[in-house]
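Q: Okay, here's what each chain looks like letter by letter:
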Amino acid sequence: MLKIEGLSFRYPGREQAVLDGISLEIPAGGIFGLLGPNGAGKTTLISVLAGQLRAAAGRIAAGDESLQGARERRPQCLGLVPQELAFYPMLTVLENLRFFGGVQGLGPARLRERVQAVTEFGRIESVLERRAGELSGGLKRRLNLAIGLLTEPDILLLDEPTVGVDPQSRAFLLESIRAIAGPGRIIVYTSHYMEEVQAICDHVAIIDAGRVLLSGTLGEVLGAELGADRDVVSLRLRVPGPEALARATEAARAAGCEPLGVDHGPRDLEQVFMQLTNRSLRD
Amino acid sequence: MRRLGFLWLKEWLALSRDVHGLAVLFLMPAAFIVIMSLALSDVATGDAGRGLEFAVLGSGEKAARLAQDIAGGGFRAAPAPANEAAARAAVSRGKPALVLLVPAGFQGIFEPSATGTAPTLRLLADPALPGPQLAAFQQRVLGAALGTPPEAMAQALDIEVVGNPRGRPSAVQQSVPAWLIFGMFFVVLPISSLFIVERRDGTLARLVSQRVPFSMLLLGKVGPFFLINLAQAGLMLLAGRLLVPWLGGEALEPPQRWDLLLAVTACTSLAAIGWGLLVAVCSRTLEQATVIGGVGNILAAALGGIMVPRFVMPETMQRWTELSPMAWALDGFHAVILRHGGAADIAASCAKLLALAAALLGAALWMHYRRRGRA
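Chains as they are written, first to last, in our numbering: chain B, 1 to 283; chain A, 1001 to 1375.
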């Protein structure tokens, strides 16, 4: 388990904290979805977890020891897949994989073995000799993910790994990520796409303005009683047709109720998210 | 060390695929060396008097004799103007650059005329004429007037210039090291552009998250660019040795101590790479890096005696050149190529360049950690 307690971070020269006392428990063995609008602090939290930024306050524990201690003992225990396509476009796919594996200290035999494994995993065997900059968007994302898996990390941080890909590549990536989740492995997944998080994550935290608004299993989050819901009642109806729906709405008005909206199907994560963060458009 | 090897290999592969960047690093200094070696050849060798025209205005056999005796040694007699006014008008146009006015009744410098006073020779000179040429002409006039052939006067004093036979660099001795240094410092552009692209694309963040120390990332740039600088040095020396003479200029004499040349080149390279790393860390965009790196180099070159040879600068300006690291490097190269000096002669230049390299690398690390909130 990754336990985050009271984590704060402020960029130099800025008054407002990007992370404001965040506390989270991220269990192993599943995928933990981190949701939040732009500027909520998701990427900063990932950067602190990855060791790129140092938190002003708080601690992060990996099991019984601090995350920093764990990484000093086993530097390869954490992998990061940033939202940028973080590889060298002028190098071939194979050169990129060899470089990132080698620079992380994989020995020659292990490097060969891992390059082959992640190549097969990402289904990028056919483009190994091509320059990375010439790949399609989907292949670039697959290479980006493959590089993050070179050291078989116990903790994998995925920062919006499906941005800008076509539906087929997205489905492949989601399937792949789901496949690497397993006992003992911690996967943190950030995304703007609610349906993605709902589809693959077991646990979810919604953060905004550097604070955790809601955290729990996907079921807990979807079933949570939200403050704004107290005077709002959801009445689930099986409606035979549009005319019946219009009459039901009129009947509600006649009873002094104000219909707020009509949703088809069950409640989804996006509704919860929008209600919590209270805005639909962020700069 | 193995991890550093991977960083060097990556940098080398990335560099080798940037054909345009490499072309700038090698072709630009080579072109400058050829052009400036040929352009400055007359100024640097002091042979600008070759074919310089003068005239002697005066009546009588003595004036004609003077004109005949003065001619030579780079000075050529031209037809005399009609009178002094015509002579002044001609000199003001620079054709001829010199007119010697011989008074009537002139017999010799120390011989009085019929009036009892020694008539004075007067010389009208073009203001654009360099001082050394004027002095050389003056010497020939005095020799001719005293009845001593100018060549004999020159032989009367045996001058030995210790080191470089000319006492100052020839065009090729000035241009090869100067434009080599300029080209070496231009690694600032590929270093900073590669680094900024790494930062923009998130590869730098990924490497930091993989616990690759930032100092190692910077050292990862040093090896490949050091080799590039050495290759630049080799090719520019070859250009001075083979290409310049093939195009009609003077050939560069090889140094007596190649080890010292390597030492100066290495120190210059480290200072140039340090400069590149600082610009890379400080600049937020490629445009910023291009402006800071490019303009910084041009200013350092203008100040450091790269664009204008230091020996033609006034004394005050020559003192200002000490502010430019390119001048330190040029001193080091001249100590080896020009003065054939020893280790002690390059020690100061090398020490200054190494101190600068260390300071620039330290500043780059400090800037990085300050920005990351880790200072």
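For the record, the hints were derived by calculation from the structure and aren't laboratory data. The beta carbon of each residue, even a glycine, is placed where N, CA and C say it ideally should be. One should not assume that every hint holds.
Quick partial rundown of chain A residues pointing at chain B, CB under 8 Å, derived from the structure [said to hold, decoys possible]:
id : residue
1  : 1013
2  : 1028
3  : 1210
Anything over 12 Å on all C-beta distances counts as not near chain A; from chain B, calculated [what the hints assert, rightly or not]:
id : residue
4  : 64
5  : 76
6  : 240
Q: Is the nearest CB of chain A more than 12 Å from the CB of residue 64(B)?
A: holds (21 Å)
Q: Does residue 1210(A) meet its interface restraint, that is, does its C-beta lie within less than 8 Å of any C-beta in chain B?
A: holds (5 Å)
Q: Can residue 1028(A) be said to touch chain B, with a Cβ gap under 8 Å?
A: violated (22 Å)
Q: For residue 240(B), is the shortest beta carbon distance to chain A beyond 12 Å?
A: Residue 240(B) clear of chain A: closest Cβ-Cβ about 53 Å, beyond 12 Å.
Q: Just to be careful: measuring from the Cβ of residue 1013(A) to every Cβ in chain B, is the smallest value less than 8 Å?
A: Result: holds, 6 Å to nearest chain B Cβ.
Q: For residue 76(B), is the shortest CB-to-CB distance to chain A above 12 Å, so the non-interface label stands?
A: violated (8 Å)
Checked against the numbered hints given earlier, this structure breaks hints 2, 5; the rest are met.
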